[in-house]
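**Q** Spelled out, the chains give:
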Amino acid sequence: MLKITDLNAYYGQFHVLHDVSCEVREGEVVVMLGPNGHGKSTLLKAVCGLLDRVDGAITYKDRDITGWSTEQLVNQGVIYIAETRELFGDMTVLENLRLGAYARNARRMEKRNLARVFDLFPRLQERKKQLAATMSGGEARMLAIARGLMSNADFLCIDEPSLGLQPNLRTEVFHIVKEINRQGKTILLVEQNIPQIADLADRVYVLEEGSITFQGSAEEADSDERLREIFLGM
Amino acid sequence: MYIEEYLDVCISGLTNGSVYAMMAVGLTLVYGVSRAFNFAYGSFYSLGGYFAWVLMVLLGLGGGYFTVVLLALPFLMGFGFLTEKAIVAPLRKRSDWEVKVMMITLGLALFLDNGYQVVFGPGMKSLPPIMTGALELGPVYLTYQDAMIFVLAISGILAFWWVLNNTRTGMAVRAVAQNPVGAKIVGIPKNRIFAATFGLSTVMVGLGGILLAQKYFISPMGGWDILVKSWVITAFGGMGSIRGGLLAAFILGMLEAFVGYWFGMTWVLFALFGVLLVTLAIRPQGLMGKWG
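In the order they appear, the protein sequences are chains W and P.
Note that this note's numbering has the first sequence beginning at 1, numbered continuously upward.
Note that this note's numbering has the second sequence beginning at 1001, numbered continuously upward.
Bear in mind the hints are in silico, worked out from the structure with no lab data behind them.
Take these hints with a grain of salt, some might be off.
What the hints assert, rightly or not - Calculated cross-link-like contacts (lysine-lysine; reagent style DSS-like; alpha-carbon spacing at most 27 Å):
#1 1190/P <-> 128/W
#2 3/W <-> 129/W
#3 1190/P <-> 111/W
#4 178/W <-> 3/W
#5 178/W <-> 111/W
#6 128/W <-> 61/W
#7 129/W <-> 1190/P
#8 128/W <-> 185/W
#9 129/W <-> 111/W
Chain P with its partners taken away, still in its complex shape (with noise of 0.2 Å):
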C-alpha cells in the first residue's frame, strides 16, 4: 500500500468522522441534559436526507444546499422540539419514564421508516454532490465535495459549541445538564430547556443526513446504520460528555475508514463494537465520561 492510498482513506475518515462527531454530540447532549435516549435519531438522521431529496430533486428548487440548510435549519428544530413536547415530555413524570422512552422513541422510528417506505418507496434516493471537481495535492486527491463536508460539519459542530458557551439557552441547557435542582431554583424552564435540547440535536443528527446522503444515498432503513454508530460513540466517548464524544468519532471514523479499506466494509460494524467492548470493560465510563 502505498501512502497515498493512506492518505486517500485518511481523508475518508476524517470526513465521515466529521459528520458522526456533529450527530454524536446531538445524541449525546440529550442523554447529558435530559437523560432521554432518543431510538429515533436514525430516523431523524434520513428526516433530513429525504427533506433535502424534496426540495432539491423533486421540487427542483434552486439555490442549492444553502437554501436547503436554510429551510433544515428551523424544519428541523420544530421537528425535534415538538416530538420532545408530544410523546417524550409526558412520560417524563412517571416510574421508569427512561425506559418507556426508549419504547415510545423506537415506535416512532418505526412509524417514520415505514412512512419513509410508503411515501417514498422503497428505493435508494440520492442528493447532487455540494461541490464538484478535486484538489489534487501532489500525491492526494481530495475531492472538492468530501471538503466541504469536512468544512460544514465542523462549523456545524463549532456553532453549536458557541450556542453552548455564548447563549442565554446555551448557558441554560449546561445549567439543567450540571445541576438540575440548581437550575430550578435560579428560575429556568427545565421542560423547554429539554424541547429545545431535542430540536438541537434533531437539527445535529439532520445536516448529517444532508450531508452524507451525497455520498451514500438515503433509504427508508438507512437510519439504523447511523442510530448505531451515534450510540457506539457515546458510549465510547463516555455518556453525556461532549468532549469525549468528538474524540471519538474521530477515532472510529478513522478505524471505519481503515478497517473498510483492510478488510470491506462488512467488517466495520464488527470492529466498532469490537473496539466499544474491550473500552467499556477497561473504562465502563468511557473514555471522558464522568459516573453518575
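In isolation and in its complexed conformation, chain W is listed as follows (with noise of 0.2 Å):
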C-alpha cells in the first residue's frame, strides 16, 4: 500500500535520514522502532508532507506521492496523527473532531465516522463540550487518534502514541489501535519501546541514526536478544 524508496530527508541543515526504504502492505500494523532523535518522527512527516524537503520516492497504492502537500494527501486518505501538542488547545473536544473531518472527502462521512469514534472512545463523548487543552493525558492522546480517525483515512501514521503515558494507559492505546487496524485501517506507527510487540504489529522495522538496521516479523523481532533489551522492554 506504502512503499518508501532510498528516502533522504534533512531538517535544515541535519540530514537524517540515509536511504531508508521500508514498506507497509495493506491492513498491516507496522511498527517502527527507534531511539528517540533517530528520524523516527521525521519519517512520518516525510510521507504526510509535513517536511519541506525530501528525496526519494513514495509511492501510495502505487502512485508516486512524493512532494505532495498535506491536504493533498488527506484527500487520498493518508493522515498523521501527532503527538497531543498538534490539537486545537482552545476548542471543545466536539470541534477538533468536526475539524478532523475538514478534507473534502472525510465531509460526506462526518456523522457515520463521529458515531464510530465516539464507539470507540466513549469517554470523548461524555467530555464533547470540553476544551481540549484541559484534557489529562491519556484522553489527549485519544482525542488525536480519534481526529485522525474522522479523515477517514485508510492509511494511519501514528507518532508514538504512548509517549509520557502510565504503562497501563499505554497498554490500552496499543489495544485501540490493534482495535482501528481491526476496523480495517492500514496503520504505520513509530515507538520508542513497545512491550508485546507481538500482539499489535504484523511487521516490524527499527531505525537507527537515520538508517533501518532491522527488518522482520514481529516474531522475528520478539526473539532477536538486541532489540528485546533495547526496544522491546519495559
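Two chains, two frames, some hints: make the complex.
**A** See the structure below:
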C-alpha cells in the first residue's frame, strides 16, 4: 500500500534519514522502532507531506506521492496522527473532531465517523463540550487518534501514541490501535519501546541513526536478543 | 454639565465604539490568524465609503442602504481576498515577510488614496443618513441614525462571531490561528484561509466606512485616522485577541467621546495614545493578549 524507496530527508542542515526503504502492505500494522531523535518522526512527516525537502520515492496505492502537500494526502486517505500538542487546545473535543473531518472526502462521512469514534472512545462523547487543553494526557492522546480517524483515512501514520503515558494507559492505547486496525485501517506506527510487540504489530523495522538496521516479522523481532533488550522491554 | 449631556456623550461614544469594535475585530483577526499587519486597512475603510457614495449619490441607486450593504458584502470580500492573493501571499515564503507585508500594504494604501483623489477629487463626500428623526427618551435625544449605526455594527460583530463559531470555514480560521501545524495536519488549506480572513476583515472595515461616512464624511486621506484608531484598539486590547479588541473599542470609543466633549477633538488621538502607552507599559501584551 505504501512503499518508500531510498528516502533521504533533512531538517534544515541536518541530514536525518539516509536511504531509508520500507513498505507497509494493506491491512498491516507496521511498527517502526528506534531511539529518540534517530528519525522516526521525520519518516512519518516525510510520508505525510510535512517536510520541506525530501529526496527519494514514496508511492501510495501505486501512485507516486513524493512532494505532495498534506492537504492532497489527507484527501487521498493518508493522515498523520501527532502527539497531543497538535490538537486545538482552545476548542472543544467536538470541534477538534469536526475539524478532523475538514478534508473534502471526509465531510460526507462526518456523521458516520463521529458515531464510530464515540463508539471507540466513549470518554470523548462524555467530554465533547470540554476544551481539549483541559484534558488529561491519556484523554488527549485518545482525542488525537480520534481526530485522525475523522479524516476517513485508510492509512494512519501514528507518531508515538504512548509517549509519556503510564503503563496501563499505554497498553490501552495499543489495544485501541489494534482495534482500529481490525476495523480495516492500515497503520504505520513509530515508538521507542513496545513490550508485547507481537500483540500489536505484523512487521517491525528498527530505525537507528537515520538508517534501517532491522526488518522482520513481529515474532522475529521478539526473539532477537538485542531488540528485546533495547526496544521491547519495559 | 447636566446629566443629559453626559448621556448624549455616552451615546456618541457607544455608537462610535460599536463601529470601531467591528473594524478592530477585522484587523486583529488578520493579525491573529496570519501574523500579517495590513497598513491599507484605513484605505479599505474609505473604499467602503466611496463604494456607497458611488451607488447612492452618483448613480442614485434605489433601495437605500439595504441594497448598498447587499452589494458591498461580495465586493469587499472579493477585493480583500484578491488583494491577499495578489500581494500578500507571494511574500509569505520570504524571510522577514511580516515587514515586507507592512511595506507593500503601505504602498497599496498610498496607491488607493491617491487613486481616490484622482477619481473623486480632494473634496469631502457625504452620505445621506440611514434614517432621519430622533427618539426623545425623557431628557435624552437619541437620533435614529445613531441607533441604526449601533444596531448594524453590533449585528455585524454578531454575524462575524457566528461565522467564526458555527461554520466550517470559521472553525478552520480559528484552527489556523491556534495551531498552524495542527491545521495543516487535518488538511486545512492554509493559504485559502489566509485570503478568506483578509477578505472578511475588508468587509468589516468597509462596512465601518459605510456606517461612519454618514456622520464624518469620506475623503481621500480619511482612512489614516481609522487605521491609527484600529491599530491603537488592537494593541490596547491585545494583538490577536478578539474579546480584547471588542472591550478596547468600547473603552476607547467612550474615551474619545468624553475627551472630545471636554477638551475638543484635537486631543482625542493624544488621549488614545496616552492610554495605550500607559497600558502597554504595565501590560505589554495588552488587555487580553497572550504572549507568543
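**Q** Taking the hints in turn, state whether each one holds.
**A** Against the structure, the hints:
1. For the proposed pair residue 1190/P and residue 128/W, the alpha carbon gap of about 26 Å is at most 27 Å, so the pair holds.
2. Taking the CA atoms of residue 3/W and residue 129/W, the gap is about 40 Å. The hint is violated against a cut of 27 Å.
3. Taking the CA atoms of residue 1190/P and residue 111/W, the gap is about 24 Å. The hint holds against a cut of 27 Å.
4. Distance hint between residue 178/W and residue 3/W is fulfilled; the C-alpha atoms sit about 22 Å from each other, no more than 27 Å.
5. Annotation: proposed proximity of residue 178/W to residue 111/W holds, straight-line Cα distance about 23 Å (limit 27 Å).
6. At most 27 Å may separate the alpha-carbon atoms for a hinted pair to count; residue 128/W and residue 61/W exceed this at roughly 35 Å.
7. Pair hint residue 129/W plus residue 1190/P holds up; C-alpha atoms about 26 Å apart against a cutoff of 27 Å.
8. A distance of roughly 24 Å separates the Cα atoms of residue 128/W and residue 185/W; the hinted pair therefore holds under the 27 Å criterion.
9. A distance of roughly 17 Å separates the Cα atoms of residue 129/W and residue 111/W; the hinted pair therefore holds under the 27 Å criterion.
Hints 2, 6 from the earlier list are contradicted by this structure; the remaining hints agree with it.
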